[in-house]
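Chain order of the listed sequences is A and B.
Per numbering that gives the first Met the number 0, residue 0 is the first one in the first sequence, and the count goes up by one each step.
Per numbering that gives the first Met the number 0, residue 0 is the first one in the second sequence, and the count goes up by one each step.
For the record, the hints were derived by calculation from the structure and aren't laboratory data.
Treat the hints with care, as some may be off.
[What the hints assert, rightly or not] Think about it this way: if two alpha-carbon atoms lie no more than 20 Å apart in a straight line, the pair counts; the simulated SDA-like pairs of lysine to any residue are:
{"id": "1", "chain 1": "A", "residue 1": "Lys452", "chain 2": "A", "residue 2": "Glu434"}
{"id": "2", "chain 1": "A", "residue 1": "Lys452", "chain 2": "A", "residue 2": "Asp469"}
{"id": "3", "chain 1": "B", "residue 1": "Lys264", "chain 2": "A", "residue 2": "Asp307"}
{"id": "4", "chain 1": "A", "residue 1": "Lys458", "chain 2": "A", "residue 2": "Phe408"}
{"id": "5", "chain 1": "B", "residue 1": "Lys110", "chain 2": "B", "residue 2": "Arg50"}
{"id": "6", "chain 1": "B", "residue 1": "Lys264", "chain 2": "A", "residue 2": "Asp474"}
{"id": "7", "chain 1": "B", "residue 1": "Lys264", "chain 2": "A", "residue 2": "Thr309"}
{"id": "8", "chain 1": "B", "residue 1": "Lys349", "chain 2": "B", "residue 2": "Asn398"}
{"id": "9", "chain 1": "A", "residue 1": "Lys452", "chain 2": "A", "residue 2": "Asp213"}
[To be verified] Where chain B lies over chain A, by a calculated footprint (3+ residues, C-beta under 8 Å):
{"id": "10", "segment": "37-46"}
{"id": "11", "segment": "218-231"}
{"id": "12", "segment": "299-308"}
A quick note: this is a predicted structure, and the numbers were derived from the prediction, not measured.
All residues carry an ideal CB built from backbone N, CA and C; glycine is no exception.
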Amino acid sequence: MRLVEDEDSLVESIAAASREAAASFGDGTVYLERFVAPSRHIEVQIFGDRHGRVIHLHERECSIQRRHQKVIEEAPSASIDANTRSALHEAALRAGHAVGYTNAGTVEFLLAPTGEFFFLEVNTRLQVEHPVTEAVLGLDLVELQLDVAAGRALPDQAAIAAPSGHAIEARIYAEDPTADFAPSTGTIERFVAAEGVRTDAAIDLSGEVSAHYDALIAKVIAHGDDRAQAINRLADALRRTQLVGVSHNIALLVRTLEHDEFRDAEADTGFIARHGADVLGAELVDGDERDACLLAAALAEQAARRADATVLQSIPSGFRNVVTEPQRTTYELGDTTFVVSYRLDSGRLVTADVDGRALDDPVLYGAEPDHVDLLVAGLRRSYSVHIGPERVTVNSTRATLSVGRRARFAEPEVLVEAGSLVASMPGTVSAVAVEPGDRVSAGDTLIVLEAMKMEIAVKASVGGNIESVDVVVGDTVEVGDVLVVIDSD
Amino acid sequence: MSTLLSRIDVRSEEYAANRAAMVDRLDRLAAFHAEAVDGGGERYRQRHHDRGRLLARERVERLVDPDSPFLELSATAGAETEFATGGSLITGIGVVAGTECVVLANDPTVKGGSFNPISVRKILRALDICLENRLPMVFLVESGGADLPHQLEIFLPAGEIFRKITELSAASVPTVSLVFGNSTAGGAYVPGMSDYVVMVDGQARVFLGGPPLVKMATGENATEEELGGARMHATISGVADYLAHDEMDCLRLGRQIISGLHYAKRGPAPTANPSPPLYDPDEILGIVSADLKVPFPVREILARIVDGSEFDEFKPAYGPNLVCGFASLHGQPIGVLANDRGVLLNEDAKKAAQFIQLANRVDTPLLFCQNVTGYMVGTEYEQRGMVKDGSHQINAVTNSTVPHLTLQIGGSYGAGTYGMCGRPYDPRFLFVWPNAQTAVMGGAQLAGTLSIVARASAQDRGLEFDEEADAQRTAAIEAQIEHEQQASVLSGLLHDDGMIDPRHSREVLGMALSAALTNECVGADTYGVFRM
Chain A
0 MRLVEDEDSL
10 VESIAAASRE
20 AAASFGDGTV
30 YLERFVAPSR
40 HIEVQIFGDR
50 HGRVIHLHER
60 ECSIQRRHQK
70 VIEEAPSASI
80 DANTRSALHE
90 AALRAGHAVG
100 YTNAGTVEFL
110 LAPTGEFFFL
120 EVNTRLQVEH
130 PVTEAVLGLD
140 LVELQLDVAA
150 GRALPDQAAI
160 AAPSGHAIEA
170 RIYAEDPTAD
180 FAPSTGTIER
190 FVAAEGVRTD
200 AAIDLSGEVS
210 AHYDALIAKV
220 IAHGDDRAQA
230 INRLADALRR
240 TQLVGVSHNI
250 ALLVRTLEHD
260 EFRDAEADTG
270 FIARHGADVL
280 GAELVDGDER
290 DACLLAAALA
300 EQAARRADAT
310 VLQSIPSGFR
320 NVVTEPQRTT
330 YELGDTTFVV
340 SYRLDSGRLV
350 TADVDGRALD
360 DPVLYGAEPD
370 HVDLLVAGLR
380 RSYSVHIGPE
390 RVTVNSTRAT
400 LSVGRRARFA
410 EPEVLVEAGS
420 LVASMPGTVS
430 AVAVEPGDRV
440 SAGDTLIVLE
450 AMKMEIAVKA
460 SVGGNIESVD
470 VVVGDTVEVG
480 DVLVVIDSD
Chain B
0 MSTLLSRIDV
10 RSEEYAANRA
20 AMVDRLDRLA
30 AFHAEAVDGG
40 GERYRQRHHD
50 RGRLLARERV
60 ERLVDPDSPF
70 LELSATAGAE
80 TEFATGGSLI
90 TGIGVVAGTE
100 CVVLANDPTV
110 KGGSFNPISV
120 RKILRALDIC
130 LENRLPMVFL
140 VESGGADLPH
150 QLEIFLPAGE
160 IFRKITELSA
170 ASVPTVSLVF
180 GNSTAGGAYV
190 PGMSDYVVMV
200 DGQARVFLGG
210 PPLVKMATGE
220 NATEEELGGA
230 RMHATISGVA
240 DYLAHDEMDC
250 LRLGRQIISG
260 LHYAKRGPAP
270 TANPSPPLYD
280 PDEILGIVSA
290 DLKVPFPVRE
300 ILARIVDGSE
310 FDEFKPAYGP
320 NLVCGFASLH
330 GQPIGVLAND
340 RGVLLNEDAK
350 KAAQFIQLAN
360 RVDTPLLFCQ
370 NVTGYMVGTE
380 YEQRGMVKDG
390 SHQINAVTNS
400 TVPHLTLQIG
410 GSYGAGTYGM
420 CGRPYDPRFL
430 FVWPNAQTAV
440 MGGAQLAGTL
450 SIVARASAQD
460 RGLEFDEEAD
470 AQRTAAIEAQ
480 IEHEQQASVL
490 SGLLHDDGMI
500 DPRHSREVLG
510 MALSAALTNE
520 CVGADTYGVF
530 RM
């Protein structure tokens with residue numbers, strides 16, 4: 000799907016959309032639609048049986064989207080009045096009747112600020128967001144589908160209860176909202192769902208996120224007596240959810256849910272773009288709270304090292320009869336490094352700082368490899384920690400912070416030739432625009448990579464002459480593979 | 000096992016006074032440590048950092064395993080001498096890639112890391128610790144060689160350094176030199192004699208003679224890099240086995256070497272999760288008498304050192320001035336001999352001789368807690384064979400082959416020092432508390448004895464005794480002995496392995512015991528003839 004805002008980019012966009020469609024679905028046909036903005040996405044759940052009955056199971060609103068894909072969905076919609084609601088339900092039923100629909104289906108509409116709504120499409124399947132409907136109606140839509148398939152009759156529309164309370168679903172994607180939602184692949188080291196809410200996940204405790212499937216890896220559904228309660232429950236559950244090993248959008252989900260605009264049901268489909276995915280998606284913990292999490296990570300790692308010590312295990316951690324410098328651990332969070340320093344004296348925390356910023360009166364009550372009980376600035380928290388092979392993850396109940404561990408000693412460096420452009424994600428080379436000797440300017444597209452239903456243009460980082468092209472169309476590349484080398488000016 | 004019951008009153012005036020006195024001494028100890036850590040002072044440390052180099056302590060901290068304990072040895076060597084506190088190098092026992100090692104690190108901020116007579120003693124002691132306990136040596140080298148104005152006290156003793164390094168190698172105790180800077184002239188033989196040598200590119204300089212000396216000797220014009228650069232040694236001479244990109248890379252390679260040794264300890268492994276003492280070690284400060292003439296209950300001390308405060312006492316009703324018994328320390332069984340009242344009588348000495356033999360029968364290391372004024376003198380005791388009984392104890396201590404650890408918690412006087420495994424009896428490790436005093440006898444006794452002898456001599460020769468001169472002389476001698484017997488003075492001269500905070504005793508002894516048990520632990524089956 001491509002948004003075309005000016006005539007100049009029309010041709011290129013059609014070509015790109017067509018390529019993407021051909022690659023994904025084997026059919027490059029595309030069609031054009033009017034773009035309605037700002038808009039809300041409202042959809043009606045319908046069901047049809049083999050006896051000619053079509054009923055609706057009320058509506059869902061899915062206005063929070065990124066890249067035209069849904070991120071947060073709720074039932075019922077909080078932004079329509081009773082008239083619009085019944086008009087939407089009516090329209091959906093008419094559509095269902097018109098085609099003699101059987102099975103579960105969703106009739107999707109775009110709602111303009113004027114109250115006009117436009118038909119989008121019918122999804123002839125159960126959708127990702129169906130649990131919010133289940134939550135407010137107390138129904139099992141899969142069971143209903145089986146009933147329909149078995150030839151049983153659906154209940155009468157009148158027998159369908161009004162929605163009870165409010166339900167919201169948040170989709171957890173393996174992607175990096177701060178890097179334009181670039182999909183993130185890799186091994187999930189750890190996935191721990193929060194208790195007290197429904198979490199449907201494609202992964203168990205761990206799993207693999209490959210480039211071959213959608214980036215959606217889990218969805219969390221909270222139900223509340225009213226919308227505010229549902230929002231609070233869902234945000235809290237997301238804050239307690241631990242997902243490690245791939246980039247994800249949990250911070251963006253939490254910030255969106257807690258945003259006044261969303262709370263006031265004012266958010267439309269432009270919400271994420273308007274507020275900035277990098278802002279919404281930035282780490283949830285910052286400042287002192289982040290420093291406390293980093294200290295918890297360091298202390299848990301400390302405990303793990305002491306537990307694994309093969310000699311002098313019973314001597315207190317970091318014992319020194321002559322005190323010199325504190326213990327240091329370096330963590331990486333994105334491009335930022337943090338040096339955590341601490342000194343323990345018989346298990347008592349004597350000093351603790353992050354990058355020289357002393358923590359506010361820290362008191363350590365206990366440190367285990369998976370759990371740290373720490374008081375900072377008068378606030379005692381229980382930090383659950385997971386130590387992975389390369390990352391350490393801390394959940395403070397407020398957020399999960401996952402940081403890379405900087406090795407104490409650098410391995411002799413693997414040198415990459417200057418001017419090399421390397422693959423930033425695994426994928427398949429779908430186009431090569433240059434050959435050796437070509438003259439390029441910074442920003443020129445050199446290679447197109449395709450991964451996870453997306454096209455990534457690899458652009459020249461500098462101007463110069465192409466020295467070598469190391470891939471051909473159809474090559475599968477891994478992160479870090481050299482694609483093109485530019486002899487820069 | 001039996002549990003020791005503590006009966007001290009932490010609210011007593013005596014406790015408070017004792018504690019205040021010990022805190023004073025600990026303040027002095029902290030000041031000595033600060034001097035050692037200060038190295039050559041702020042200016043020289045800054046200059047060293049400005050050259051992009053790590054300080055000796057920074058190197059050591061980055062060499063050892065994160066969060067592992069490090070036991071610094073003889074940290075106050077050189078204190079109360081003309082030389083810098085610390086002896087211009089750091090020595091200690093640290094864990095490198097899971098292996099307990101003796102780490103030595105020249106402090107280049109102190110006169111370029113050059114060796115003075117104290118440094119030489121400190122290095123030799125560290126190398127003895129390597130050999131006796133089979134601990135691998137890791138030497139972080141950056142030294143300008145001998146402090147030449149003191150060559151008389153250095154040249155011959157320092158030769159032993161190189162001898163001991165190759166003796167270690169011959170005994171299959173690994174030796175590793177990590178060369179960060181100068182290691183020239185005699186110093187070149189530290190890496191030269193080592194099993195493994197790593198040199199830092201662009202920093203290490205290892206040669207017998209530098210450019211000026213070569214010019215004088217042969218007329219050759221040569222650069223330092225040609226004569227002894229790391230790259231040259233790694234590619235041409237073969238003096239370096241590994242070329243490190245930088246200091247961290249050098250430390251990484253040092254760890255890699257130790258890791259690759261798969262070095263196995265020969266002694267028994269400790270039992271897991273030993274119980275800490277039931278009582279707070281901080282209370283030791285209030286238990287130890289401010290005045291050493293006042294004995295203090297040693298079981299109260301043991302209750303704050305051994306695992307679970309558990310102690311199975313041997314012959315409790317016999318020879319009660321010396322407490323003997325079995326305990327465990329950080330999961331290792333030990334036999335303990337501890338002075339409860341300063342003087343040793345005939346029964347105490349006999350009990351000690353028997354107990355030492357019993358511990359040897361079961362291959363159990365021994366801990367001596369010294370607070371001893373000596374063996375009893377006087378007609379009654381001499382006639383009961385005090386010399387004979389004391390000799391039994393000294394014989395047993397001497398010929399015992401299990402590891403001995405000595406902790407001096409108070410006085411150590413006369414032959415009591417010997418019987419209780421003082422320095423001349425080669426304990427594997429000897430640590431002293433800051434209140435410790437060591438001498439042939441106390442200052443007042445010594446000065447008074449001299450005065451009596453002088454008075455008798457004058458009388459014999461019919462001379463008039465100059466009372467005033469005698470009083471002055473006596474006072475001067477007493478002051479001299481009072482000074483000389485202080486822990487800081489003896490520790491400054493390397494007569495022990497370090498002055499420690501009494502509250503650290505359990506950790507220090509635990510690490511020393513673990514180090515000692517890197518070697519095998521087998522009891523003696525032969526002793527000298529026991530005079531009966």
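Ascending list of hint numbers which this structure does not respect = 1, 2, 4, 6, 10 and 11
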